[in-house]
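S.K.: Chains as they are written, first to last, in the UniProt record's numbering: chain A, 1 to 329; chain B, 1 to 329.
Fair warning: there could be bad hints in the mix.
What the hints assert, rightly or not - Heads up, simulated EDC-like pairs for lysine to aspartate or glutamate below, C-alpha to C-alpha not over 16 Å straight-line:
1) B:K106 - A:D89
2) A:K9 - A:E33
3) B:K103 - A:D89
4) A:K217 - B:E273
5) B:K57 - B:E302
Claimed, not checked - Residues from chain B that keep clear of chain A, each with C-beta distances beyond 12 Å, as calculated:
6) G12
7) E76
8) P181
9) W204
10) K299
11) E302
Unchecked claim - Chain A is faced by these chain B residues, among others (derived, beta-carbon under 10 Å):
12) M1
13) V50
14) L54
15) S70
16) L77
17) V110
18) F111
19) Q113
20) L247
21) Q251
22) P270
23) T276
24) E288
25) F309
In short, the hints are calculated from the structure, not lab data.
Ideal Cβ placement from N, Cα and C applies to all residues, glycine included.
Here is what each chain is made of, one letter per residue.
2 protein chains.
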Amino acid sequence: MATIRDVAKLAGVSVATVSRVLNQNGYVNEETEKRVRKAIEELNYKPNEVARALFKKTSKTIGLIVPDISNPFFPELVRAIEDVMNIYDYTVILCNSDENSEKERKYIDVFKQKYVDGMILTTNQLSMEEVMELDIPIVVLDRPSDHSFPSVIADNYNGARLATRHLYDIGCRKIAHIQGPAHVVNAMQRFYGYRDEMKSLGLWGEALVIQGNYQLKQAKEAVLQALQANRVDGIFAGNDAMAVGALKAVQQLGLRVPEDVAIIGYDGIPLTEMTTPELSTISQPIYEMGAIAARLLVKKIEGQPIDHFHYVLPVKLIERDSTRRRGKS
Amino acid sequence: MATIRDVAKLAGVSVATVSRVLNQNGYVNEETEKRVRKAIEELNYKPNEVARALFKKTSKTIGLIVPDISNPFFPELVRAIEDVMNIYDYTVILCNSDENSEKERKYIDVFKQKYVDGMILTTNQLSMEEVMELDIPIVVLDRPSDHSFPSVIADNYNGARLATRHLYDIGCRKIAHIQGPAHVVNAMQRFYGYRDEMKSLGLWGEALVIQGNYQLKQAKEAVLQALQANRVDGIFAGNDAMAVGALKAVQQLGLRVPEDVAIIGYDGIPLTEMTTPELSTISQPIYEMGAIAARLLVKKIEGQPIDHFHYVLPVKLIERDSTRRRGKS
DNA sequence: TTCTTTTCTGTAACCGGTTACATATAATAT
DNA sequence: ATATTATATGTAACCGGTTACAGAAAAGAA
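Generate the whole structure from the sequences, applying the supplied hints.
M.R.: Below you can see the structure in the form of structure tokens.
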């Protein structure tokens, strides 16, 4: 790899001049610049980002922590972030936290050691006092931020009400909810939305809540069990994976979807179009969430003013066969 | 952030001594070491990885290029790689190439500028002469390597024969194949496996090949069209997404799966368990592939001898309802 | 006791960029 | 004609680590 000194020598100038050409600052004579550019070309010189980072304390890199990239909600989110950061010439370090705050803390330490320019965190436990003290730009994604960090989330509460109401509208009266893990904030928000809608419909009952953990298999088992004890005619699952689990359970019991039990999921991942019947769901604008978070981060990094601190994106009901019945559209 | 000089001052020693303690090399008196460690503790000092990288030309970072993380085959692969690299204290930069070699080349340039210690590439176009000349450790994943790079792939050819043979075994005689994109090597290998097995069964015919592009939607359309022209009783899809497309097309035409048309996919992504009927597939050991590639890369980076250069991992037939009929198991 | 060898520690150069500052020349203003 | 300002370039310090080298003290060998 050629260094800036090689370029300087070949062009017959000092390294400072080469640096000025590279960064387009300071004064450089037109002729000189041409010589320098030719030398750069000739040596196929690429500035060493590490040396730059050391001096400038900035690395054109951001850190991204997700709970688990193999959870189907995240790939699209990550893709959006990478796409946007790529436009601005930032590179993305990907980490899986498994919702484990110890692991997360370690990653954040490494980020600091590597001079990342910012971080996007998809996680709850923002309990990291000292870790956060620093003024590294941070954007919180898919989780609400009680702190002063900008955040991007979808409207979980109203999405859940929407889903619940939809089941009601097609005629369901005993509507169960498969709840996500209690320590995941968005799972709780969805639960509250469900509960409040049920209360306002006069249908609420503790017994209708099924405990899930966002995983298909566990949800299937839980639903199998719940359906023994308690007959229901509608299931609102806290995420799409669990909706698939519910679908399988219901079908295994010989019940028809949607005739006997209607099912609606949450997230809007591609998977919902692949089942038979296709699953209704509350679709979050996943790609857009990632893209907005990334743009927010870039703004923070580049010191631009941020007009909007907390984005709550609207969700929408996607009606498919798993909730289509009674001659309704 | 405290620097090594702060630590040195607090401990009353020189930076060299602190460095020796950090790297556990050279001679350091036991007492001195204790003082240094105390100072490190007190200041919560973490060495600056960028400064280290500059001098050592090594960054504890690797570059990973995948075609598209939102393609459901890759999240698990990426997860495996990140898990293994994390154990060895390497950090992973994730990039999406979209199979575009220009984009890929740019990423590789950036990797070099950032002194990555190695790369894992999931891509075909290894046509990057100069880019490759460097002695950065590289491992090629999910693609065969004609070059001298170590590689990890699954046995596409034999997997395809296995799938084809399985359809034959359950009684299919007109077996179509939905082929993946021609420029993707593994798609071609699967095609050759299919073709050779069909030839050896005496069932081969050009007309049985349906052109796909690994996407669900396009495959569905292609199958709808193909089934008008040509009656078949079995479909071997080049990947699972296309198998779902085929499933949808077949069901839309009012045909039963597996009774009228049996379907088998390829890859073994979780999705195949979520359809109705569940899809048979050829399962690749995805996590294992990623983990092996990562371990290989670490070995190369750390200069350890590599016993095995090219891993071809066995695949296995997962028999599910989409190919279960005629009283067969 | 003296010579070697081992242990311990510090100074300074180095990695490859960036930039403050000094200097020199050209252009413009007074 | 002289003072001022704009343009152009180089020197060297700096970012925060690592390590070659040198020198001193302690331990072991002759």
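S.K.: Is the shortest C-beta separation between B:F309 and chain A less than 10 Å?
M.R.: Since the shortest Cβ distance to chain A is 27 Å, the answer is violated.
S.K.: Quick check for students: does the CB of B:E302 sit more than 12 Å from each CB in chain A?
M.R.: holds, 19 Å
S.K.: Under 10 Å is the threshold here; is the Cβ of B:M1 close enough to any Cβ of chain A for the hint to stand?
M.R.: With a minimum Cβ separation of about 7 Å from chain A (threshold 10 Å), the hint on B:M1 holds.
S.K.: The hint names B:S70 as touching chain A; please verify it with the least Cβ-Cβ distance against 10 Å.
M.R.: holds, 4 Å
S.K.: The hint names B:V110 as touching chain A; please verify it with the least Cβ-Cβ distance against 10 Å.
M.R.: holds, 6 Å
S.K.: Tell me if B:E288 is really an interface residue toward chain A, meaning its C-beta lies closer than 10 Å to one of theirs.
M.R.: violated, 14 Å
S.K.: Should the interface hint for B:V50 be scored as holding, given a Cβ-Cβ cut-off of 10 Å against chain A?
M.R.: OK, holds: B:V50 within 10 Å of chain A, min 5 Å.
S.K.: At a threshold of 10 Å, is the proposed contact between B:P270 and chain A supported by beta-carbon distances?
M.R.: holds, 8 Å
S.K.: Restraint: B:Q251 near chain A, CB-CB cut 10 Å. Satisfied or not?
M.R.: holds, 7 Å
S.K.: Would the non-interface assignment of B:K299 survive a Cβ cutoff of 12 Å against chain A?
M.R.: holds, 22 Å
S.K.: With chain A as the partner, please determine if B:F111 meets the hint condition of a C-beta pair closer than 10 Å.
M.R.: holds, 9 Å
S.K.: Confirm or reject the statement that B:G12 sits farther than 12 Å, beta carbon to beta carbon, from all of chain A.
M.R.: With a cut-off of 12 Å, B:G12 remains clear of chain A, as the shortest Cβ separation is near 25 Å.
Checked against the numbered hints above, the structure breaks hints 7, 24, 25 and satisfies the rest.
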